[in-house]
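Q: Residue numbers (my numbering), protein chains in the order written: chain A, 1 to 371; chain B, 372 to 469.
Because the hints were derived from the structure by calculation, they are not lab data.
No incorrect hints appear here.
Below 20 Å or equal to it, Euclidean Cα-Cα: the simulated EDC-like pairs (lysine to aspartate or glutamate) are: (1) A:K80 to B:D421; (2) A:K80 to B:D406; (3) A:K80 to B:E409.
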Amino acid sequence: MSGVRVLVGTRKGAFVLTADGKRDRWQVSGPHFPGWEIYHLKGSPADPDRLYASQTSGWFGQVVQRSDDGGQTWEAVGNKFEYDGVAGTHQWYDGTQHPWAFARVWHLEPSLSDPDTVYAGVEDAALFRSTDGGATWQELPGLRRHGTGPHWQPGAGGMCLHTILLDPSNPQRMYVAISAAGAFRTDDGGATWKAINRGLKSQGIPDPDAEAGHCVHRIAMHRSRPGVLFMQKHWDVMRSDDGGDLWREVSGNLPTDFGFPIDVHAHEPDTIYVVPITSDSHHFPPEGKLRVFRSRAGGDEWEPLTQGLPQQDCYVNVLRDAMAVDSLDPCGVYFGTTGGQVYASPDGGDRWTPIVRDLPAVLSVEVQSLP
Amino acid sequence: MIRVVLPTHLRALARVDGEVTVSVEGRATRGAVLDALEAAYPVLRGTIRDQLTRQRRPFLRFFACEQDLTHEPADAPLPAAVTEGAEPFLVIGAMAGG
Chain A
1 MSGVRVLVGT
11 RKGAFVLTAD
21 GKRDRWQVSG
31 PHFPGWEIYH
41 LKGSPADPDR
51 LYASQTSGWF
61 GQVVQRSDDG
71 GQTWEAVGNK
81 FEYDGVAGTH
91 QWYDGTQHPW
101 AFARVWHLEP
111 SLSDPDTVYA
121 GVEDAALFRS
131 TDGGATWQEL
141 PGLRRHGTGP
151 HWQPGAGGMC
161 LHTILLDPSN
171 PQRMYVAISA
181 AGAFRTDDGG
191 ATWKAINRGL
201 KSQGIPDPDA
211 EAGHCVHRIA
221 MHRSRPGVLF
231 MQKHWDVMRS
241 DDGGDLWREV
251 SGNLPTDFGF
261 PIDVHAHEPD
271 TIYVVPITSD
281 SHHFPPEGKL
291 RVFRSRAGGD
301 EWEPLTQGLP
311 QQDCYVNVLR
321 DAMAVDSLDP
331 CGVYFGTTGG
341 QVYASPDGGD
351 RWTPIVRDLP
361 AVLSVEVQSL
371 P
Chain B
372 MIRVVLPTHL
382 RALARVDGEV
392 TVSVEGRATR
402 GAVLDALEAA
412 YPVLRGTIRD
422 QLTRQRRPFL
432 RFFACEQDLT
442 HEPADAPLPA
452 AVTEGAEPFL
462 VIGAMAGG
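One chain only, chain A, in its complex shape (with noise of 0.2 Å):
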């Protein structure tokens, strides 16, 4: 039968669980990386056994970690992420300019087709790419030199690259999205970006609809319809059939725009996930009820989905790359809390269940479906 392996980072290490295909009994692995933060790990879509880990900590810098065995053991690859160039400089809290300067990796994106390309998502906002396994990391500078660069700004976590998707209908395109700056596309690899923020609208910059400096949480796509874009922004829930060219907002009937992570079911490209958060200045759910929100006509249109999660006194976050799906039939979705739980449903989200709750909080959630 096959099975599922859920790869979970958070405020203290990595775990990793697994299950069969009923996804109804657990195993928790870890915490690997103990005392660190693990903001995001993620397999290869080429090979399921390898996988990359991000490993931070506040003393000890940045650690990039490689596994061949599908978690078991790991071993350190390179961690040397130097600009191109002369780093140039963004906007800062302040309003001054600031230099370009490495702080973390947020995001792994392991190549569709290859297990020793990987690309990272890097604070200070930038992309870079591994081609070796992880062993060394060359920028693809295009992206920071985009003309918009020296008006990117920190959000409160930090200038940081947290979303890379990568195009399964054409290598040469790929999205990122980077807080607070949007996001952008490139057609060509790599070398050269278009910001694709046109439609967005966002009260907390001074020109509203601005080229760049919206605060995008996170993008998603189904890989069968790769030019169908949904973006939960800081406020406001956008869909782009354009490949990002415009975006308009399908927050519809939810009970508040404010969120984090969105993703798409793996089977209907039309049926998509989001976590109402209260506001950006209450970080949890609004009337203390843990509530997903799916919309089965790709927006505007959403249903609460309750049954299994905590409709009383829940005060937890759902952080951006906290969310994630299965390609199993049905579709299983899984997200972490910064409460450290970590919820599945085995049935598109119809029910719920904690596999496990009392992880440190939950940065990340990506999941592999096993053959």
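Mind docking chain B on chain A? Use the hints.
A: Just chain B now, kept in the frame of chain A:
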């Protein structure tokens, strides 16, 4: 041989227990000890000193012989007791709690 005591997380990263020892050619300075340490344990590159600037990470300090050597020049000689192996060179992570 120079004895070096690493903080817990760096011992785990380097997969060592207890003290490690390094040998330094020529004058034993903090910089030379860290160079030797990183050569013996490449996984420690970037964890004590920044990979690019070679500057000490802000939350680490260097102690030896009951002295704080953190702000001594990297090329200053280490105490004789350290170079003779009588006392260890300590890499310390700043304490944090709450």
